[in-house]
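Residues per chain, in single letters:
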Amino acid sequence: MNKEDLSFKIKQSTDVNVRECYQCGKCTAGCPLAEHMDLRPSVIMRMLQSGDKEDEDKILRSLSIWLCLTCETCYSRCPMELDIPKIMDHLRQRSLAEGKVHHDARNIVTFHKSFLNTVERNGRLHEIGLVLDYKMHSGKLFQDITVAPGMFSRGKLSILPEQIKDKKGLSRLFKNQDKNTK
Amino acid sequence: MSKIGVFICHCGENISATVDVEKVAEVAGTLDGVEYSTHYKYMCSDPGQSLIKQTIKEKGLTGVVVAACSPRMHEPTFRKACAEAGLNPYLCEMANLREHCSWVHEKSDATTQKASDIVRTLVEKVKHNKPLQSIKVPITKKALVIGGGIAGIQASLDIANAGHQVVLVEKDPSIGGHMSQLSETFPTLDCSQCILTPRMVEVAQHPNITMMTYSELEKLEGSIGNFKATIRKKAKSVDEKMCTGCGLCTTKCPNKKIPSEFNTGLGTRTAIYVPFPQAVPNKPVIDKANCTYYQKGKCKICEKTCPTGAICFDQEDEFVELEVGAIVVATGFNVMETSEFAEYGYGKYKDVINGLQFERLASASGPTLGEIRRPSDGKIPEKIVFIACAGSRDPAKGKPYCSKICCMYTAKHAMLYQHKVHGGHSYVFYMDIRAAGKNYDEFTRRAIVEDEVNYIRGRVSRVYEENGKLIVKGVDTLLNAKPVEIEADMVVLATAGVANPGSEELAQRMHISYDAYNFFSEAHPKLKPVETNTVGIFLAGACQAPKDIPETVSQASGAAAKVAILFSQDELSRDPAIAVVNRCAPPLFSTCVGCFMCATACPYNAIGEELIKNRNGEVIKRVAKVNPGLCQGCGTCVAFCRSKSIDIDGYTNEQMYSEVMALLNND
Amino acid sequence: MTGSSREYNESLLAISKAAGIELVEITDWNCCGATAAHNLNKELSVSLPARNLALAEFDGMEELVVPCAACYNRLVMTQHELNEDSNLKARIAEKLKMPLKNSIKILNVLQFLEKYFIPRLDELVKYPLTYDVACYYGCLLVRPNKVMHVERWEDPMAMDIIMQKLGANAIDWPFKTECCGAGFSVSKPEIVGELSGKIVRNAVGNGAKAIVVACPMCHSNLDMRRPAIESYLNKKVDIPVIYITQAIALAMGIAPKEAGIQRHFVPVNLTVNR
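Going down the list, the protein sequences come from chains G, Y and F. Last residue of the first sequence: number 182 in the numbering used here, and the count goes up by one each step with no gaps. Last residue of the second sequence: number 1667 in the numbering used here, and the count goes up by one each step with no gaps. Last residue of the third sequence: number 2274 in the numbering used here, and the count goes up by one each step with no gaps.
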C-alpha cells in the first residue's frame, strides 16, 4: 500500500486491511441493496485493493456507498471478518468532504444533515423539525403530506422540540470536528 | 589434564554475519585447558569434519567443543566424527551460537561477547565430561496400528507383509473407515467399496495381523522399541467365536429406529447391528445405550433368536496389555456438520446436507439405494446446489485452512448427480478449483464441459426454506458481482475436514504433539511427514491433515517402511544421557536412602528398586534403580532427590554447576 | 420516544409499572446520533453516545435499558470502540469534560425483558395470546455479531421465547433478521417498500397473524409505511405490527389504550380472551 492509496487511509482510520479480502463475494451475495447498487461491495473491495486512482474516485462518486444501510450483514458473514460497514462510513465521510456525492444520493445526505441539525439545535431529535428541514433542503415539499394527518390524529407528532439543558456541553461536541478523512 | 579442541563455525553467514567468529576463536584459544581453537565456514561439511578428526589425532584431544548451530541439528554428525577419530562421542559437546545467539541478536560487540561466553561455558562443561556408551535396548518386533480405515489397513498390510506381527485396533465395530462410506472415488469413479473390501478381507485373513474392533487405546507407557499399550476391548455382547454372522438377530431386534452412524443419520439401524453389509468382521455388536434389555431389563429377543447361542449379555469390557515396538496412528478425520452453519439454517433444513451424507445417498448400499432423493420428502431433486469451501478457508469459523479434497469431491458429486438425474440442473458455488493431483484437473473440466455442471465463482451468503424449496443467495464475482438467487431442491455443503472428537485426549494419552485444530503434528513439515516428535510413533492418513486416498495410502506405506526400518535392527541404541543412582564402596554402598521420591516424580515410571545384599543373601539396603530402557533423561528425579544420590550421565550436577560458574566468573 | 414511537414508550412504562419496576431516565440525555452521525462524522458518532454513558455514570446507574434498537447498537458499539482505543477514550472524555469509566452494563429491551419479566411471566400473564406470530428482530439488535454476542444470531429466539410464554405460537420463519430499510423511510421510501415488503410477504406466507417487533424504526417501516409495502407487493396486506412490550401488556390484562394500541396505522384486531 502506498501512502496516497485510499486503502492506506482506510487502514489508518478504521484498522481494516483490505488486502485480506479474497474476493469471495459473500458480502454482495447477502447485501439487501446489492441489486440497486452501481458498485457492489466485493467490487469496491477489489477496486480499493488495486490502488487505481480512477477507481478510487469512482468509489467516492458512487451511489452504492450511500445506499448502504449499515445493516451489518456483510460484516457478520465475511469469512475474513472484515468490517465493511466501517469502511463504508469512512468512504461516506470522505465522499462528503471531497464534494463527490452522487446525484441520486443527495437527498440521503440531506436527510442525515437535517437529522443532525435538529440534534445540534435541541440536543434531541425533533421529528417535525427534521422533516421541515429536509423538505426545505431537498425541495421535496409535498413528501409525506398524506401521512401527516394520520400521525397527528394518532398523537405521534410532537409539535414542540424537547430541549436539553447543557446546550453548551453539546455544542462542544459539534464544534472543532476533526477532519477524520485525512 | 584437559586438552580441548574448540571449533567455531561460520555456518555460511548465519553466524559470521552477526558474531565476530575470529575473535571468539581467538578468545577461546586463551582459555585454560583449551589445546586448539579455530574457525571454519562450514564445520558440518566434509572438510570441516575432517579438520576435527585430524586435530583429535594430531593433538591428542581429550574433548571437543563445536560452536555452531543447535545440537538438535548436528550433534549426531559431530559425535560420529569424533567416534571415527577414536574419541568417545560423549566427550564432544556443541555450543549453540546460532539459535541462541546470532539468530536472535543484531550485530554488536555484546553479541560477540555472548558467543564467547557460550563457548566458555561449554568448555568448562566438557572438562567434566566422562566417556559414555550408548545403551542397547531390545526391540519388540510387533507393531500397533491405531485406526482401521484405509490408512491403518495399508500400514498393517505393509508391516505384516514385511514379516512382523501387527495388532490393528479400531474403535468402530468394523474396519473400513470413511472410505467404506464413499460411493465412487475420484478421478476414476471406481466404486469405493469394491476397491476397499478386498483389502479389508486381506487384513482379516492375514496370519500376521490381529484385528481388535470395537476397541480403543486406554493407556500407553514405555518408549520406542518397548511400548506397553493397554487396549480396552469394549463389550460387544456377542461371542465372536460362536457367532456365524448369519444376521438373524438384526432382523428380529424391535429397536429399529436408531439413526445409523454409517448412513450419517439418513437411515436407521437396530440396537444389535452390523454397521454395513460388507463389514469386517461381519459380526454384530449391541449398542448398549439404545438396547431395550440394557436400558430397561426387558426383551432379549436376539438371544432367543440366535441359533448358536452367541449372545452374552453379561460380557464386560476386556483390557488387553500389548508389548509393541512401534505405533502407527491412523485415526482419520471427520467433517463439519450442517448444524454448525448459522447462515445455512443451523442444520434445521433436512434437504441441506453435507458431502458425506451425499455420498450415502449416491451409494448403492445407502438409505436410498443409490438414488439421489431429498431426505425431507423422498422426491428426486431437479435443481441441486453444491457449496464449496463451507467452513474451510474461513477464519470467521475458526478454520483458515483448505480442506484439500472438497473441490474434487464436489465435482464428483455434481457429475454423479448429472449421471443419475438426466435433465437435472446442478450448480457449484466455488472460490477456486483446487485440482492438483494426477488427472484431477481433467476430471473437473469434464464435469464443467461434458456433464454441464454450472460452476459459479462466488460464495453463498444464505440458504433458507420457502414453500418446500431452498432459496440460495449467492453471487457471480466473475460477472461484476451479480447477485444470483437459485431455488434449489437440495443443497450440499462441502464442509471442512476436521479432527475426530477425542483426538486431543488420544494425543495426550500417547504424548504426541498436535496443532491448534487437533490434527496430529508431524516431526518436520517437509522432511519428516510420517514421524511424530515422539520417536517410535508414526502417522498415517488424515489424522495428520485432510488428504485424499492416494496420499493416505502413500503416507501409510511410508509409516510402515519406517516401522520396518526400526524392526530391521537387532537392538536400539539409546542416548546414554539417563539417570543413574550412585554406588560407592561398602559399607555405604550408595548415598541413596531409599525414600523413592524419585520414583514418585518420574513421569515415565522408570525407577524401581534394587536390593543390596550381603554375602549371606541378607538384604542390607534398599535403594532406587533406574530402568535404562525407560528413562528419558528428563532430570525430574535429580531435582527431587534430597540426598543428591541420583544424577544424569552427561548432564551431571557437577557439569551443570561448572557451566553456571563459567558464566558468572568472566575473567 | 414521545413522537412516532410514542406507543412503544407507553407500553414499556405500563408493563414496568404493573410489574413494580421503576425506570428512571438519564438526566439531560441527548440524541445518540443514530445512523446520521456515523454516516457523516466519525467522532460525533462516538461522542454523542459517550455523553449519555458519562451522564448515566454520573447519575450512579449500573444498568442502562435502551428500548430503541438503534440507540442500543450505537451505545454498545461506542462502549466497544472506547474499550479498544484508549486514546480515543481519553480524547472523548476531554471533550465531554466528564469522567468516563465506560463500564456501565447496557441492556436492550429483550435482555431487559429476559432479566426482569421472563421469570415472572407465569404470575403476570392473565390472558394468553393464542395467535401465530412472527417475531421480527431487524438488524441492529443482533449484528455485528462480533460485538452484540447474540448466541443464535441468524435465528434468534429471545422474543420467540417471550411470545411462547405469553401463549402465542412464534412461527419459524427465515426473515427474522433481514433489513427493513431503516433510515430510508424519508429519503428513499420505495426501498423501504421493497425490503419491508419482502418481510411482510414472508411472514404472511408462513401463517403469521401479527408481526412482533422490538425496534421503533422497524415498526414505523412495517406499519406507517404500509402503503409503500402494498405498492411493492401490488396488493393489500392487513397484518398488524405490535411491539413486544404491547404484546406483554395485552397478556397482562392492561387496557389496550394504555399500551398505545390505537396509535398504529394498521389496525390491530388481536382480541384477548377475557
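In short, the hints are calculated from the structure, not lab data. Check each hint, because a few of them may be wrong.
[Unchecked claim] List time: in silico DSS-like cross-link candidates among lysine-lysine, alpha-carbon distance up to 25 Å:
no., chain 1, residue 1, chain 2, residue 2
1, Y, K1348, F, K2097
2, G, K53, Y, K1257
3, G, K165, F, K2095
4, Y, K1257, Y, K1296
5, Y, K1482, G, K58
6, Y, K1383, F, K2198
7, Y, K1142, G, K11
8, F, K2095, G, K168
9, Y, K1348, F, K2165
10, Y, K1142, Y, K1234
11, F, K2209, G, K168
12, Y, K1348, F, K2146
13, Y, K1252, Y, K1300
14, F, K2257, Y, K1469
15, F, K2097, G, K175
16, G, K58, G, K135
17, G, K165, F, K2097
message = Which constraints among the numbered hints does this structure fail? Numbers only, ascending.
response = Structure breaks hints 1, 2, 7, 11, 14, 16.
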